[in-house]
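Student: Note that the protein sequences, when read in sequence, are chains Y and E. Heads up: the first sequence runs through residues 1 to 434, numbered per the working numbering. Heads up: the second sequence runs through residues 1 to 141, numbered per the working numbering.
Don't read these hints as lab results, they were simulated from the structure. Among the clues, some could well be false.
Simulated crosslink set (DSBU-like; lysine-lysine; CA at most 35 Å straight-line) [to be verified]: (1) Y:351 / E:4; (2) Y:351 / E:85; (3) E:13 / Y:393; (4) Y:31 / Y:335; (5) Y:271 / Y:281; (6) Y:415 / E:60; (7) Y:430 / E:19; (8) Y:393 / E:128; (9) E:93 / Y:430; (10) E:128 / Y:351; (11) E:19 / Y:415; (12) Y:415 / E:4; (13) E:93 / Y:400; (14) E:54 / Y:430; (15) Y:393 / E:19.
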Amino acid sequence: MEKRYFQPEAECASREQIRAWQSERLVAQVKRVYENVPYYRNLMIDKGVEPGDIQSADDLYKLPFITKDDLREAYPFGLLGAPLEDCVRIHSTSGTTGKRVVAFYTQSDIDLWDQCCARALVAAGADKSDIVQVAYGYGLFTGGFGLNGGSHKVGCLTIPMSSGNTDRQIEFMCDLGTTILCCTPSYASYLAETITERGLRDKIKLKAGIFGAEAWTEEMRHDIENTLGIKALDIYGLTEITGPGVAYECLAQHGMHINEDHFIAEIINPKTGEVLPYGEKGELVFTCITKQGFPMLRYRTKDICVLNAEPCECGRTFLRMSKPMGRSDDMLIVKGVNVFPSQIETVLLNKGYPANYQIIVSREKHSDILEVNVEMTPEMFSDSLREISSREKELVEALKIMLGIYAKVRLVEPKSIARSEGKAVRIIDKRNLY
Amino acid sequence: MSIKQISAFVENKPGQLAKFTDVLTQHGIDMRALSLAETEDFGIVRVITDDSYKTACVLKEAGYIFSITPVIAVEIPDIPGGLNKVLHLLNDKGVNIEYTYAFTARKQDTAYMIFRVTDNEAAAEILKDNGICMFDLEDID
Ligand SMILES: [Zn+2]
């Protein structure tokens with residue numbers, strides 16, 4: 001295996017060194033947050049913890065968690081960790097009930113994030129001679145800007161394509177000789193298929209891809225790798241913590257190395273909050289120890305994972321996290337977008353439909369399809385097909401505004417939504433991702 | 001002058017229409033006309049039966065969502081361009097037709113059409129003034 005690192009002094013540091021950085025940075029971070037973030041200070045006071053109680057990373061467990069509910073409650077500025085005038089950018093993602101999560105970045109936050117993404121690119125084999133095509137969306141979504149920044153740091157020629165426009169993606173890939181592709185795994189699959197269909201396999205020079213922001217299976221990985229003749233690597237991140245690059249896969253392709261000099265990872269029992277030893281399955285919790293703008297302490301990701309502390313053949317010493325194996329809440333990731341059933345329920349109720357619905361997610365040709373089945377009611381029924389259809393269209397529009405993606409609505413007969421033990425089955429995920 | 005049509009919601013999937021007509025048949029309800037308007041996912045099945053009250057009760061019992069819509073049943077003159085004439089009479093007076101479908105009456109050779117229009121009374125008056133016959137359900141038997 002080719003061994004190449006962006007910052008070997010950090011990525012391959014001894015465990016003792018990593019622990020020392022974590023302790024030192026955590027202590028300072030807790031002090032800073034306690035002083036600057038009244039919302040979190042109150043959480044600490046409620047739990048009876050003072051900054052002085054945190055002497056090292058071993059004391060992390062004493063701190064209160066931050067949950068999605070806190071983000072909603074503190075929206076928009078309540079968890080800001082630095083003066084607003086020191087912040088230079090925001091990114092945003094959807095929250096549980098339509099209230100968006102807005103994360104703030106100082107220039108230092110952006111620089112560190114870019115470094116994290118640069119580590120991921122170099123782990124995939126990148127150096128300054130590479131041409132990186134970023135086909136993640138640019139905008140409030142973190143994917144595009146994150147990998148773009150990482151690619152700059154490595155010194156690669158960066159093609160800021162953003163998502164969509166497949167013809168142009170392939171045209172640039174062929175004409176400019178893109179060597180590394182960054183996008184969602186489902187879009188990578190779609191591109192791979194299209195390239196094969198058009199007989200352009202020999203015209204592309206891709207060697208690796210970094211595919212994240214949604215769950216994908218080993219089978220999908222093999223498909224993409226075989227079709228394009230590349231190494232396909234995973235990357236993990238979330239807007240609340242920073243974006244892609246919180247953890248990244250190396251060529252060993254066995255778990256994602258967590259950038260532990262910036263983020264401390266814990267696995268907890270989602271029911272009790274108790275910290276579990278490495279190797280046990282539980283909810284992943286992150287603490288940002290270097291971030292300033294939006295310094296999450298013990299943020300509950302709701303992703304169910306396992307942490308692996310065994311040494312990796314690539315030489316990196318950072319812990320590895322497994323792919324998320326599920327969620328401890330009912331969030332779905334569809335086409336890379338977070339979808340909460342509660343958001344769909346809100347729209348239905350606003351539009352006068354009953355909350356008798358079912359969400360069906362499937363994957364066709366590696367692309368996600370979101371359907372919402374809604375039970376017809378006497379109030380919504382009319383003898384006019386046109387009237388019902390136009391109401392249905394309004395609902396589709398409203399869902400699109402709330403979710404940011406298209407959901408097909410299907411009106412179904414009353415009582416036709418499957419109920420188990422009297423409770424309707426709200427979500428059917430046919431993708432078998434976990 | 002109008003007759004009562006039952007419009008019910010059905011999903012557009014195989015067997016749903018037969019399931020619906022089974023319910024009526026099992027309760028001895030006689031369907032005089034049936035039409036189905038559908039989209040990709042769902043449809044509205046519209047029926048004229050010999051007993052609209054009983055039909056409503058039976059469908060309610062079976063869990064269907066339906067509405068009762070007044071429509072007019074028009075005898076189409078047995079002359080070339082008969083249907084065309086009826087459509088023109090309504091159109092010229094500004095009565096819009098939302099939908100129409102054929103309807104067969106027993107024991108008679110006459111052709112009927114069911115019309116769902118924006119204004120039943122206006123339509124009835126126009127047609128009557130022009131010598132076009134309409135029927136109450138009792139007349140059709
Ligand atoms: Zn490794």
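Student: Would you mind marking each hint as holding or not holding in the structure?
Tutor: Cross-check of the supplied hints:
1. Restraint check for residue 351 (chain Y) and residue 4 (chain E): the C-alpha separation of about 30 Å stays at or below 35 Å, so the hint holds.
2. Among the hinted pairs, residue 351 (chain Y) with residue 85 (chain E) is inconsistent with the structure: their alpha-carbon atoms are about 43 Å apart, more than 35 Å.
3. The suggested pairing of residue 13 (chain E) with residue 393 (chain Y) holds, with an alpha-carbon distance near 20 Å, which does not exceed 35 Å.
4. Proximity of residue 31 (chain Y) to residue 335 (chain Y) is assessed by CA-CA distance (about 39 Å); at most 35 Å being required, the pair is judged violated.
5. For the hint linking residue 271 (chain Y) to residue 281 (chain Y), the alpha-carbon distance of about 13 Å falls within 35 Å, and the restraint holds.
6. With a CA separation close to 13 Å, the supplied pair residue 415 (chain Y) and residue 60 (chain E) stays within the 35 Å bound.
7. Taking the CA atoms of residue 430 (chain Y) and residue 19 (chain E), the gap is about 28 Å. The hint holds against a cut of 35 Å.
8. A C-alpha spacing of about 40 Å is found between residue 393 (chain Y) and residue 128 (chain E), which places the hinted pair above 35 Å, so the restraint is violated.
9. Restraint check for residue 93 (chain E) and residue 430 (chain Y): not satisfied, since their Cα atoms lie roughly 55 Å apart, outside the 35 Å limit.
10. Proposed proximity of residue 128 (chain E) and residue 351 (chain Y) is contradicted: the alpha carbons are some 43 Å apart, above 35 Å.
11. The suggested pairing of residue 19 (chain E) with residue 415 (chain Y) holds, with an alpha-carbon distance near 16 Å, which does not exceed 35 Å.
12. Straight-line distance between C-alpha atoms of residue 415 (chain Y) and residue 4 (chain E) comes to about 27 Å, which keeps the hinted pair within the 35 Å bound.
13. Pair hint residue 93 (chain E) plus residue 400 (chain Y) does not hold up; C-alpha atoms about 42 Å apart against a cutoff of 35 Å.
14. Under the criterion of a C-alpha separation no larger than 35 Å, the hint pairing residue 54 (chain E) with residue 430 (chain Y) is inconsistent with the structure, at around 42 Å.
15. At most 35 Å may separate the alpha-carbon atoms for a hinted pair to count; residue 393 (chain Y) and residue 19 (chain E) meet this at roughly 28 Å.
Of the numbered hints listed earlier, those contradicted by the structure are 2, 4, 8, 9, 10, 13 and 14.
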